[in-house]
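*Asks:* Residues per chain are reported as follows:
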Amino acid sequence: MLKSKTFVKKTRSGGVLKIVREHYLRDDIWCGSEVCKECKDEAPVLQEDACIESNLCSYPHYLIPDTNVVLHQLDILVDPLITNVVILQTVLQEVRHRSATVYKRIKDAIHEKDKHFYTFTNEHHRETFVEREQGESANDRNDRAIRVAAKWYTDHLAKVTDGGPLKVVLLTNDRANKEKAEQCGLTVYRCEEYIKSLIGNPELVDRLALIADQNENTGSKLLFPEHLPLSRIQTGIKNGAFLQGTFHANRDNYLEGTVFIHREGADINEVLLRGFQNLNRAVHQDVVAVELLPKEHWVAPSSFVLLDDSPNDEDAEEDETENKLKSEAPESSALKPTGRVVGVIKRNWRPFCGMLSQSQIKEATRHLFTPADRRIPRIRIETRQAANLVGQRIMVAIDGWPKNSRYPNGHFVKNLGSAGDKETETEVLLLEHDVPHQPFSQAVLSFLPKMPWIITEEELKVRADLRHLSVCSVDPPGCTDIDDALHCRELEDGNLEVGVHIADVSHFIRPGNALDQEAASRGTTVYLCGKRIDMVPELLSSNLCSLRSNVERLAFSCIWEMNHKAEIIKTRFTKSIINSKASLTYAEAQMRIDDTTMNDDITKSLRGLNKLAKILKGRRIDKGALTLSSPEVRFHIDSETHDPIDLQTKELMETNSMVEEFMLLANISVAQKIYDEFSECALLRKHPAPPPSNYDILIKAAKSRDLDIHTDSAKALADSLNNATTESFPYFNTLLRILATRCMMQAVYFCSGMDNDFHHYGLASPIYTHFTSPIRRYSDIIVHRLLAVAINADSTYPDLMDKHKQSALCSNLNYRHKMAQYAQRASVAFHTQLFFKNKGIINEEGFILFVRKNAIIILIPKFGLEGTVFFENKDKPSPHLNFDSEGPSLKVEEHTFHIFDKVKVTISLDASNLQHQRIRMSLIEPVIPGVSVPVPEPEPVAKKPRLDR
Amino acid sequence: MAAVQVSEAEKVYLMHGVRDDLRLDGRRCEDYRHMEIETDVVSNTDGSAKISLGHTDVLVGVKAEIGKPRPMVPDEGYLEFFVDCSANATPEFEGRGGEELGVELSNVLYKVFNNRHSVDLRSLCICAGENCWVLYVDVLLLQCDGNLFDAISIAIKAALFNTRIPKVRISEDEEGGKEIELSDDPYDCMRINVENVPCIVTLCKIGHRHVVDATLQEKACSVASLLISVTHKGMVTCVRKLGRGSLDPESIFEMTEAGKRVGKTLHAPLMELLQKEESLGKKRQKVGFLG
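Residue numbers (my numbering), protein chains in the order written: chain Y, 1 to 949; chain P, 950 to 1240.
Isolated chain P, as found in the complex (with noise of 0.2 Å):
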């Protein structure tokens, strides 16, 4: 990925500002950069958001499809992730350079969102072993200016929130052939419970203390992070490391509670604007790309 190349004298530099609570854009350790989300971005998809974190850029579209339920779970739908690096966010990713971080990125929110916990498979579920809905996300990132976990799971929960999926009605004829039969109006539509969908924290330990949100500059002088998935009661649903450092029993827990924290803080403003942008309606001016 990306990455940046911090001299020593610099490293130090941002260490001892870490130590003393002071970041070098003067934030402090748990806050996070200025953020920006929109919402039904792109019209031929049920739901998607676009955020920008700094400058991280992501965006997220969400297609319903019907599908057939899986066979150990015939009365739930699924979620389908893909995570396309685009060739705009750095020039790394051009041709496959991009795959690795992207096979990387959705194993990972498979593994976050993917389960009856974080979304409410079941009401994906149309007819029993027969036909579900498939939610298929597509994240793409636009640009990266690090922490794209959090930012790409604030987007998802965003854009699963703007998701409307059309209402099916499943009508039996005499014979018992099963026919999906589609509402007319275009404003029959069912929403996604994203109350229990979780945000991704990460953490990335800095000397002896921890950052969120960490800027390119601040992740080349880590040497590992915690991924933690936090619902908005501040349970932890997943919990990963990532970096080629290790990280001692203490400092994990301690990050665990700072992640708890965090996420906690992080899911009331967010549903908030969410619900504030939905309330304008078609009011709303829409930014877009270009603003």
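Pulled out of the complex, with its shape left as it was, chain Y reads as follows (with noise of 0.2 Å):
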């Protein structure tokens, strides 16, 4: 039977079009249950003795969830035990149209066959298609089409089974539905009331969605203005009244955030927000619309560290600590644009992962859920298993923030395990840090090499053999993914070559199939402690492109013709084959270069590469490069317990640096050679040179010691930072130097056409860009792949010479890079934590590396750890202090301290918050009555219990 759909549609140039669907009606749609013999199907998904027991409903049931129930109540629907459940095709339209993420979950849900999830096409069946009446909205409609659906399935199935037990249960929040389904005789709860009814698992309760009713609480105080209406914004950000951006709290200062303006050629583009009011509500990475305070309002960021801790779940107000923000002595110089959020454009609401702070009263089901990134605020849940949760790492899903509420309203999702658990953390870490950690989809693992894997005939034939050569790779101990291996020797006319040797993943991963896809979206392989988390799949990265020794593989070659004096003569790059003859660590390499009774053609190699890697790296020092520095450090990991038993911090050897040395410059000749063949889309790395504002915490902290810092170029900080020695404090230069670091800008990925600043500030190169790790690095895939057009050794393909979709990657790359980067700190960070669990309290020796209003910050350059030690403290009355911002200074009491002061501290691990267990500082030296700790008696190191009876 043929109905048609009609509406009517505004196009984009204004006019109006009638649309006419057909839509065909049929009687060949079975209900999908098993009891009956009516239907045809051949597969019948819904159960004959569909159980989930419950105290409403005693009698096997299938669900029929509407819309809104699957729109914010999916956590439920997705549990293991809500199984038979019918989704009508008008409730998984709306959800398409709704939300894209909803539907993609339940699509899976439904695909998922232990689940019994049946899709019903009402809209397509004779008997349950209605049309719109008239009067009645498209919402009206899709209810009435949801209870009409509801009913035939009741008939149907009383029908079928001869009024057998089996019943259908209708879910709806919405009242009117649920009255005008009762009138039709349908059995229909609300969803809470059947959820809370269900006997097989009370847990899920506390997954229900949090629904603000409207009507509900109206008595309360508003504690935050209410959002204008989304119509009113968008006038208001097309006539500059508000300004759109994304919200960025702030981790220190929970009552201070950053909007940063998304409009280009705007003149302001960030906008400072204080205040528990002027922030309204707005969550970090939300869309937000700001609007502007009068300038004798503006306000400059604070320097207090200010943590949301109190414990009461009460909607307290927040007077206190408003006031003390608002105390402090403006200046007038530092005066940032101020705003107040006036709506939110888009939320980006994700589940985050934290820790359950159980509520004081004992029966209490409301409690707050303290999440792991600070810079989200806590979340108020309804829990009924808040005992089993304490010390659980669980996800938690925010549903809403009414205006009444101090905190926003959210609903448990899924427990991670317990914390402190290496395995728990690591994923929360991954989690947070939004690394995809999930293994290969099988999609994915189709386009790997078949095994046994050999290099064919027509490989050879297009590739240089470069088998003969005495060709090493030097790595850190421990690299299963060697992407690089290096080659020297002597030419006949005298001239020395020099070949790097680079893993030619790109022959691997095609262009567009799904590996490429996956690869591109992770960006980057993820190095933790003890763990890495793989860009490409392991067959790749550990075998088939790791350059590993005595076996052949496919390279991509850079080979220079130099002088004794490292001037590159002559550059040729080219696909190849090469075997490695040896895999050779930094500390073997350095051993062999030393040792002079070692003369074979590898260990001549390396003496050749680290002659030449010397004459480069002073030519690049010459240049301006700077050194510069940050403490890294090593654990040693128990090989059993996978505990981190010592600490060291990294070493540097020659052959570090020689192999460095190497790879920039394969890195410099490949950027300018991709940039001459395609200059409009060449992927390149630039490093921007910092602000001159960001230089004054390093020249104030020079000057503190009477030395000058200038900064007007690199070469110029380079020169500096190497004079500026005193000889009373040899670490003195290092602490400068890591506080350059600190100066510095983020390099970043671009594409050449959309660009035109290349410079790298930090190796003082004019192009640069990222060829020598395509195992680990997305963007080194995408310049072999430039490279190898550029050569005429590979095709091109559309979105390779695609500057706007180059772009696009360049976002993610450097946005997967950042991450990587702070989930590596993370994870060094929980490690760190691990080792002083198992240490105890330690006195360590340390400088200080910042001064704040209420803190000082510590380096222990022992552990390469920094800790902070608070002077202000709930519980004790604050010192007198007195903030020098020119110095700069604090002082304490009687004591001033000074930037790099040394001090002693003692170390231990400060686990009274399981969520947040950090390493706690207190200071031993100098000795302020009132401030430092006495020196505690190191315990002694607990004896491991025996287990020899």
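Be aware that a few hints might be false.
[Said to hold, decoys possible] Label-pair ranges, simulated between beta-carbon atoms:
#, chain 1, residue 1, chain 2, residue 2, range
1, Y, Pro229, P, Val1236, 48 to 58 Å
2, Y, Asn348, P, Lys1232, 48 to 58 Å
3, Y, Arg375, P, Lys1017, 51 to 61 Å
[Stated by the list, open to error] Example chain Y residues on the side facing chain P (calculated, C-beta under 7 Å, incomplete):
#, residue
4, Ser4
5, Lys10
6, Gly15
7, Val16
8, Gln134
It should be emphasised that the hints constitute simulated quantities derived from the structure, not laboratory data.
Cβ coordinates follow ideal geometry from the N, Cα and C atoms, glycine included.
Once you've looked at the hints, go ahead and assemble the two chains, each given alone in its own frame, into the complex.
*Replies:* Next comes the structure, spelled out in structure tokens:
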């Protein structure tokens, strides 16, 4: 039977179009139930004994959720307990229209066999199709369609079972809909009602999303101004009254945040928000509309560290803390444009990892959840299993933030495991940093080469055969994804031939396939302590692409002819086949170079390389490349328990810089080559020069020791850093360099057609890219492809030459790199904590790295560890503090702390807050009464319990 | 146009019949042939009607689109006509064969319908000088068996009656930028007042008398005919002479009177029929083109 659906639509040009769709109704749509003999369904989905034990319905039943239940309570529906659900087509279509993510999840659930979810195409069923009536809104029609379908199911099942026990239950939260459904004799429950009645799994109740009931709580005080409707926001943005931007909460001060304005060419690109009312329920990463406050209300970013850790669950006023913020003396120069949030354009809520702070009232079901990310506010959730969740890492989703609530409302999603557990913590930090870490899908794996893999004749023909060369690789110990190898040999005319051979990953990963897309999305391999999250499947990363010794591997080689002064005479790029003769560690390579008795080809090659590298490095430093320093630590991991047992700062050897030097040279040569060939779409890497103000802290720090740092150019900075030494204080230079590192900007990838500043500040190179690590960085794969096209070794494809697509790729790569770095740091921090947990209390010397208004930040060089010593304490009267931003120095009672002062602290693990276990540092020296702590006796190392009896 | 060959003897026979107020098919001079009307036959138009008058078949579709008002009358919408002479009707229309007739027909339709006395053009205005509704009236000739004008005019009236134009609202933002907003309820629409829409009555002079709704045979016997558009009140809005021959003033007067009379009696049953059809609503069994 044919029906037509008619609707009018406005076209983009302002016209009005009547659209008529043909709609076919059929009578061969089956109900999908096992009991039904009438429907000729070959593989019925819905089970005969559809039992979810419930107080409300003791009979077997199928559930029919309405659209809002699917949209808001999906976390419940996907629970394994909930089975035998009929998803109506009407519901599916509405969900698809409203939220793509929910649609995807419900589709996944439908495909899952064990869930017994059945899609009933009621819109095409002759008996359940309803036409929109006059005066009926689209929503009302859909509700009616759902009721009609539910009614049909009820009648149909009653008929085929001859009045058997099987029934359908309609779930809806809409009061009007429920009433109407009851009138037509349907079994209908509100979602909460039904879930609470379930006997099998009381914890499901926790996952109920809290939908704000508009009528409730109107009596209580409004804490926040109302958000403006979207239409007003849009007109406001159009006429410039409001600004649109992404909200970033301040990590250290929960009452402060910044909005980064999107619009290009705007004179203001950052708006500061301060105070509870002005933040107006914006959550980190939301897209918001802000209104600028008049200039006299502008404030400067505060240097207070303020954490929201008030234990009470009440909607307490924050007067006290807010007043403290206001009392700060304003410095007119530091005033920033300040504004307030008038509306939220797009929420960017995701499920957050964190922990439960149990309510002090024993029987309470409402608890606060503290997210691991400090920029996310605490979330109020309802749970009856709080006792079980304490000490566990859980995931919580935000449902809404009513204007009369101090905290957003949310619901429990998933339990990740107990806090402090290594597995759980790793999972948390991967989730929190948005690192894709699921195993590779079948689709991705299907593009891997078939094993056993051999180099084919055709490959031999088109590639340069370099198997005879004594190539070797030098890497850190334990490295399995070797992506670079080197060689150096003397040519007949006395010149040197130096080759850098990079794994030819682009040979295996062809553009556009699932493997390529997955790698592009991951962007980089993430190295955590004791764990590696690969960008490409292991078969490639650790085997076929890894340039291991004594196997034949495909490579992309960059070969220079140099004279002994390391001047490049000729550069050649070629795809090649190599056979590495040795995989060395830095230490092994160093040993070979130093051992004068060894004179084999590899050692000679290494010596040649080392010699050239020194010249290259010298030349680079002359040009103004910076040698910066950051304290890096390495853990010795116990091979069995995987606990860190020792900590050591990474040691740099000559060979490290030897490899680095040639990698830089290769990167620069390749960058120049691809830019010459493709001036519009070369993928390059730049490092912008930092704005002069960034150096203020560095200059001040040097001044405190009567030294001048010149920051006019990279060269000047490098020179003055080299000269900045004091005899009495050997670590001073390193500290300065650490500080200088903090002044730098982030290096980023970009597409040459979209930018005109290519300079790499840190390396003092006019052009730079990444070519040498294609196994662990996607950028290098793109560079490989570009270079391959440039030398006619491979064919191109449209996306490679599209600068907009490439620009989009760059921003993903930049994001992933940043997140990978954060994840890495978080992993190190976690392992540091584990280390100190095992060590007990330690007293150590450190240096003041930064001076804040109420704290000093201390670096312990031995552990590369940074910690904060607060001078304000909630439960103690705070000492007299006097901050001088010029020094910068902080006078605590009688003692003045300057930057780089040497102090002695005691380090211990502060486990009082399970969520953020942190390293606590307390001052031992200098002794300030009331502030410093007495030297604790180092605890005797706990003896291992003996197992032998 | 499609013509039939009529012999002298046939002609005489036919003329004698007319003289005695009895035509070949048994009608009297002022009788119409059997007429069938159905509206809402084409779903993707805003209004449509199909009419069959004897063997003459005409389909009319009305589409409403937003356009700019004519500069001379900024507060009025307007109608556009297009007549497609399908080769279905007669093989002579094949290729561009029907073009000439089509242009002639649409010119007459302009004259008859596109004025404020026939259709309330003001109601088609959305925003004076800026936007108005333009009604595109497309006429498709499916079969020709004489008296095209009358059939087309009745079909147009029925189609206009059936037309539903979506209601629009003009929203103004703070800077005075205007935007057209559509209601999302498909039932929320505007109707056209067809009370004053005229019908065309074509009178063919045969011998000394004249007949309405002439068949092709009758037409072949006539030298001239008079086209009169009449409203339901009997007001004549347009008169045109068609054909090669001439008409004397007296017979023009007679024919006008007859046209008024016939026209008046045509409107009432037509409106009744349309209203009755509409009252059936969705229950109405659609006949369409297969009936």
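*Asks:* Under the criterion of a CB-CB separation shorter than 7 Å, is Ser4 of chain Y in contact with chain P as hinted?
*Replies:* For Ser4 of chain Y, the interface hint holds, since the closest Cβ of chain P sits about 5 Å away, which is under 7 Å.
*Asks:* 51 to 61 Å was suggested as the range; check whether the CB atoms of Arg375 of chain Y and Lys1017 of chain P agree with it.
*Replies:* Since the Cβ atoms of Arg375 of chain Y and Lys1017 of chain P sit about 53 Å apart, the hinted range of 51 to 61 Å holds.
*Asks:* In this structure, is the beta-carbon distance linking Pro229 of chain Y and Val1236 of chain P contained in 48 to 58 Å?
*Replies:* 49 Å, holds
*Asks:* Return the status of the interface hint for Gln134 of chain Y: holds when the least beta-carbon distance to chain P is below 7 Å, violated otherwise.
*Replies:* Status holds, d = 4 Å.
*Asks:* Restraint: Lys10 of chain Y near chain P, CB-CB cut 7 Å. Satisfied or not?
*Replies:* With a closest approach of 5 Å, the Lys10 of chain Y hint holds.
*Asks:* With 7 Å as the cut and Cβ atoms as the points, is Gly15 of chain Y at the interface with chain P?
*Replies:* Constraint on Gly15 of chain Y satisfied, holds at 5 Å.
*Asks:* How about Val16 of chain Y: closest beta carbon in chain P under 7 Å, or not?
*Replies:* 6 Å, holds
*Asks:* Quick check on a hinted range of 48 to 58 Å for Asn348 of chain Y and Lys1232 of chain P, using CB atoms only.
*Replies:* 51 Å, holds
Checked against the numbered hints given earlier, this structure breaks none of them.
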